[in-house]
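Enquirer: All chains should be built: construct the whole structure from the sequences, respecting the hints.
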Amino acid sequence: MDLELQFGVERLHARYAQALDSDKLEDWPDFFTEGGRYRIATAENEERGLPLPVLYAEGRAMLRDRVASLRHANIYEPQRYRHIVSVLLIEKVSDSVVVSTANFLVVRIMQDGATMLFASGRYLDRIRVPDMLYEERVVVCDSRRFDTLLAIPL
Amino acid sequence: MDLELQFGVERLHARYAQALDSDKLEDWPDFFTEGGRYRIATAENEERGLPLPVLYAEGRAMLRDRVASLRHANIYEPQRYRHIVSVLLIEKVSDSVVVSTANFLVVRIMQDGATMLFASGRYLDRIRVPDMLYEERVVVCDSRRFDTLLAIPL
Amino acid sequence: MDLELQFGVERLHARYAQALDSDKLEDWPDFFTEGGRYRIATAENEERGLPLPVLYAEGRAMLRDRVASLRHANIYEPQRYRHIVSVLLIEKVSDSVVVSTANFLVVRIMQDGATMLFASGRYLDRIRVPDMLYEERVVVCDSRRFDTLLAIPL
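Residue numbers (the numbering used here), protein chains in the order written: chain A, 281 to 434; chain S, 281 to 434; chain V, 281 to 434.
Calculated from the structure, these hints are not laboratory results. Bear in mind that the values here come from a model prediction, so they are computed numbers and not experimental data. Please note: incorrect hints may appear among the correct ones.
To be verified - The list that follows gives simulated cross-link-like pairs (lysine-lysine, BS3-like), each with its CA atoms no further than 27 Å apart:
id	chain 1	residue 1	chain 2	residue 2
1	V	K304	S	K372
2	A	K372	S	K304
3	A	K304	V	K372
Stated by the list, open to error - Now the stretches of chain V that chain S is said to cover, found in silico as 3 or more residues with beta-carbon under 8 Å:
id	stretch
4	293-306
5	362-371
6	384-390
7	394-408
Said to hold, decoys possible - Derived Cβ-Cβ restraints for the label pairs, each shown as a range:
id	chain 1	residue 1	chain 2	residue 2	range
8	V	V377	S	E306	48 to 54 Å
9	A	Q391	S	R328	40 to 46 Å
10	S	E327	A	E284	50 to 56 Å
All C-beta atoms in this analysis are idealised placements derived from N, C-alpha and C, irrespective of residue type, glycine included.
Expert: In structure tokens, the structure reads:
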């Protein structure tokens, strides 16, 4: 039972990471419920309770807009991400909701091949079951040093 | 059966990592049995059979002392860790003991936001079941280059 | 059922990584079927469909040759790897074959203790079940910047 759920959440996180790493940004909104919320924040602001997300989007329509502007603006240098997700903990809060936390690292690869540790932090997720869709995904980044290239979702 | 155990050990490692990453150092001794041993060593010394741990503590009382001195001395610059744990292998050696190995990476984030790959290595664990407590946790670090800031448990 | 298989593939990947990280290169060919294929490629060439692997070996005999020349040539500076494997997704394609994808990071530790993020990328695997042996393992590296030391299998 718990095993099934753990496996299901792991698989959801993995499909999400794979979509971003494969530049399938158009699939990204479909990992969320219709009104799903996505937020990138810094650990510092989260701790201080400051309501200053680096990025906030609510609902699939807004997530799709975000992808569309990324595709059209196209201001950023071509780059690739590689996600590592680990230290997953889940908790069932009701028949239809699971919350989960997980650590992540993201490596960024620029077009010339230069590779760097780009971001680390925690995913704080609220997942609707059995659909396995994010009602909320909060990406808490450890560092407040944000690269201005921060445009692709994490 | 094996699945349950694998899941249990994964969850133990994840709770441990989360406690350290969330600066809940006071919870750290409770992951060990009453007489549990904790040791940080370098791969080089382990291979040569040199009994020179970077850090050694035995028993919850000593682990608590360690946390207390960290809190009071407070000589280190504020920093945050982010653990990644992977490549887990477990083996049941008796009804009450499981041994496990796992790879880890630790990213360190300084107060100014600077992020670096701080440590990599292997956890060699002896876990009491079904309590899921470490009888022994040996942290074998790949590099012998140890930062003098090495104060927070890994 | 799926859980058993997921666990089995995870365990295979973990044993493989552990063998390489422990410098047990002689065990490496035994993770493959008799005619198993191993290939290291770059993401760039894979996308362009260019048949230019960085390394290619087919069959255990060839894999053993590769290990033997590594051991005898011994031109490289002593180094250690540390693998992190994450974001695993599996799919059963027949009763005897599972395909899987997973993300990896490899940290390299030189003899003087210097540590660096060495490679990141994706494993694309074709695994024979229930033997749990690689029929094919393709290592797609994110960066085309390949260190000339690239000699140890990934």
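Enquirer: Give a verdict on every hint.
Expert: Evaluation of the provided hints:
Simply put, K304 (chain V) and K372 (chain S) have alpha-carbon atoms about 23 Å apart, close enough for the 27 Å limit, and the pair holds. A distance of roughly 23 Å separates the Cα atoms of K372 (chain A) and K304 (chain S); the hinted pair therefore holds under the 27 Å criterion. Among the hinted pairs, K304 (chain A) with K372 (chain V) is consistent with the structure: their alpha-carbon atoms are about 23 Å apart, no more than 27 Å. For the stretch 293-306 of chain V, the proposed coverage by chain S is satisfied: 6 residues have a C-beta within less than 8 Å of a C-beta in that chain, meeting the threshold of three.
Beta-carbon proximity to chain S at under 8 Å applies to 5 residues in the stretch 362-371 of chain V; the threshold of 3 is reached and the given coverage holds. A count of 3 residues in the stretch 384-390 of chain V with a Cβ less than 8 Å from any Cβ of chain S is obtained; the coverage claim is therefore met, three being the minimum. Note: the stretch 394-408 of chain V has 4 residues with beta-carbon separation from chain S under 8 Å; the three-residue rule is met and the coverage holds. For the hinted restraint 48 to 54 Å between V377 (chain V) and E306 (chain S), the CB-CB distance of approximately 50 Å keeps it satisfied.
Hint check: Q391 (chain A) to R328 (chain S), Cβ distance near 44 Å, so the stated range 40 to 46 Å holds. For E327 (chain S) paired with E284 (chain A), a C-beta distance near 41 Å fails the hint of 50 to 56 Å.
Of the numbered hints stated above, the single one contradicted by the structure is hint 10.
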